[in-house]
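Chains A and B supply the protein sequences, listed in that same order.
Just so we're aligned, residue 1 is where the first sequence starts under the working numbering, counting upward by one.
Just so we're aligned, residue 1 is where the second sequence starts under the working numbering, counting upward by one.
Errors might be hidden in some of the hints.
To be verified - Cut-off 20 angstroms, straight-line C-alpha distance, at most; resulting in silico cross-link-like pairs (SDA-like, lysine to any residue):
1) B:416 / B:233
2) B:221 / A:9
3) A:7 / B:416
4) B:91 / B:518
If you're looking for bench data, these hints aren't it; they were derived computationally from the structure.
These numbers were taken from a predicted model, which means no experiment stands behind them.
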Amino acid sequence: MNAEMWKALWLLAFWAACVLFFGTVLIVGVGGMRFAGRMLRSMLVETGWWRGRRRE
Amino acid sequence: MHLHWIDITIVLVYVGGTILVGVLSRGAIKGISDFLVAGRSLNIYMAVATYVATGLGLVTVMYFAEEGFKNGMAPFLVGVLMTLVFLVVGKTGFIVSRLRHLQVMTVPEFYELKYTRGVRLLGGLILAVAGTLNMGLFPILGSRFVVGFTGLPKESVNYVMLVMVAVVVFYTLMGGMVSVVLVDFIQFLLLTVGFAIGTWAILTHPDLGWTNIVDSLVAHKGPAAFDPIANPDYGWIFIIYFFSVGMIGIVWAPEMTHVLSTESPRVARRMFWIQGLTMLGRALIPMFWGAAAFVWVHLPTYAGPYAGDGRYAMPEMISQLLPIGVTGFLMAGMLAAFMSTHDSYLLAWSAVIVRDVVSPIKAMLAGSRQERAADGTWGGLTGEREIRAVRIAVVVIACFLVAFGAFYTPPETSMKYMYVTGTIYFAGCVGTIGLGLYWRRANTVGAYCALVMGAMGPIAFLILAEMPEVLPAHLRFLVENSNLSVMASLLLGGLGMVAGSLVSQRRHPPRALDFAGME
Numbered sequence: 001m002n003a004e005m006w007k008a009l010w011l012l013a014f015w016a017a018c019v020l021f022f023g024t025v026l027i028v029g030v031g032g033m034r035f036a037g038r039m040l041r042s043m044l045v046e047t048g049w050w051r052g053r054r055r056e
Numbered sequence: 001m002h003l004h005w006i007d008i009t010i011v012l013v014y015v016g017g018t019i020l021v022g023v024l025s026r027g028a029i030k031g032i033s034d035f036l037v038a039g040r041s042l043n044i045y046m047a048v049a050t051y052v053a054t055g056l057g058l059v060t061v062m063y064f065a066e067e068g069f070k071n072g073m074a075p076f077l078v079g080v081l082m083t084l085v086f087l088v089v090g091k092t093g094f095i096v097s098r099l100r101h102l103q104v105m106t107v108p109e110f111y112e113l114k115y116t117r118g119v120r121l122l123g124g125l126i127l128a129v130a131g132t133l134n135m136g137l138f139p140i141l142g143s144r145f146v147v148g149f150t151g152l153p154k155e156s157v158n159y160v161m162l163v164m165v166a167v168v169v170f171y172t173l174m175g176g177m178v179s180v181v182l183v184d185f186i187q188f189l190l191l192t193v194g195f196a197i198g199t200w201a202i203l204t205h206p207d208l209g210w211t212n213i214v215d216s217l218v219a220h221k222g223p224a225a226f227d228p229i230a231n232p233d234y235g236w237i238f239i240i241y242f243f244s245v246g247m248i249g250i251v252w253a254p255e256m257t258h259v260l261s262t263e264s265p266r267v268a269r270r271m272f273w274i275q276g277l278t279m280l281g282r283a284l285i286p287m288f289w290g291a292a293a294f295v296w297v298h299l300p301t302y303a304g305p306y307a308g309d310g311r312y313a314m315p316e317m318i319s320q321l322l323p324i325g326v327t328g329f330l331m332a333g334m335l336a337a338f339m340s341t342h343d344s345y346l347l348a349w350s351a352v353i354v355r356d357v358v359s360p361i362k363a364m365l366a367g368s369r370q371e372r373a374a375d376g377t378w379g380g381l382t383g384e385r386e387i388r389a390v391r392i393a394v395v396v397i398a399c400f401l402v403a404f405g406a407f408y409t410p411p412e413t414s415m416k417y418m419y420v421t422g423t424i425y426f427a428g429c430v431g432t433i434g435l436g437l438y439w440r441r442a443n444t445v446g447a448y449c450a451l452v453m454g455a456m457g458p459i460a461f462l463i464l465a466e467m468p469e470v471l472p473a474h475l476r477f478l479v480e481n482s483n484l485s486v487m488a489s490l491l492l493g494g495l496g497m498v499a500g501s502l503v504s505q506r507r508h509p510p511r512a513l514d515f516a517g518m519e
């Protein structure tokens, strides 16, 4: 491969990297919010900072 | 120091909030299992988020940026190879599925299941040495970011490092894996926003942007800035080594801890291929920042002190590109990245030292039976004592890291140092784990041979690189570049298992593992 081909490849790779990275983060971030909220609430209940049903 | 008070406030609010989460989650710990692997309760989204947050530390950003500063866009190939590895593992479940099915908490625990307590002890020792050495540069890289970014005097780098490590140790001790998971998720989101803002700022700056960066790299570095095969730091041996070590490197303890936290082997596989989609960005974006920093310090208008120093140039550039407020936000995100990686790594190596070195020694001395108890321990320390010992180990390792970072200078780039030290462990894993999980003849003797032979190459390289004059002149090429040493050690790790097992099959019959019913 010559230098011009490598430059074109890296330009493509860079944009693919941005799309894949930020796109995946968006999906994972939204999906994880609910689970994180449940985990935080559970911790607050366990430690007595929030009134709620405690796990036995 | 050139940080505005608004930026400082944003950073302090974030750090304070993180500590609060650590304190809150302390009450939620129930036993060593909860402490180390969040009670195996992570769903796929949290698993991916925390996995990415752990692997993408500020350290990763700094060492990839250093590669980009030194070698332009040629190291982009590293990101491509990493993506390929994760997609292959995610689709095939290579190693990942089988380890999760066996329900071990650490990789050396697998050694006790498949081989003997002695192999677990040796494997644990090698892993502890490799992991601790590998982590040796983490705090100093993080503190260089803070110094370059804030404009603090270069002489303050060691004091900054001390403060950063103290904060991480504090909330790691507070909650173990439970606090790690929650904090990692928040940090994952914050870091991504930081990546987006920084990249946008570089692409839209009138003196930077893609075209200017490419032209400047061509002018200063020539074809080696784009061609990884022609670049003397890489080449074909590096490419083969990097792909191979990537395939076995998935067993790296801190990241594997997250895999072992998933609901099932199926979720573990999905986690790999989903977060494999982020691997390209995790490597290329910081490398791009580093290449941009090289161009930045070569602009006629540049008057700063870091023209030849890729370790400080990138954070200095980023801090000057961003407006007030956004700077604080990005710094909070980068500190988040620093803390999420450090707490996971500190816990992982502490767990290895306690469960895979100290506890087996105690079990051997007590003559305990080699089987797993109901509380997840193996006849050495009790669960409660293990938790206490892990906390002590966290503090001891942290002290070592501060001292190491202050005094050691690696022979090549930081990224190469990470892979050499990681290979001390990975090379043996080619045999003990790769062949141990898939070759029914893998036995204890083979495991010992794999561990010892695999570790020799990288350790020899690190020692001899400090004193190349002891080697005859015609052999000094072996320590000028690590590529040959690390590639050879991977081969020796596999060869050790094969040779050792074949010559001792009768006297040491292999232990069979049951994968029936695996998802």
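Comparing the hints with the structure gives:
1. B:416 / B:233: This hinted pair holds, its Cα atoms lying about 9 angstroms apart.
2. B:221 / A:9: Holds. Residue 221 of chain B to residue 9 of chain A sits at ~18 angstroms (cutoff 20 angstroms).
3. A:7 / B:416: Judged against 20 angstroms, a Cα distance of about 24 angstroms means the pair is violated.
4. B:91 / B:518: At roughly 15 angstroms apart (the allowed maximum being 20 angstroms), residue 518 of chain B and residue 91 of chain B satisfy the hint.
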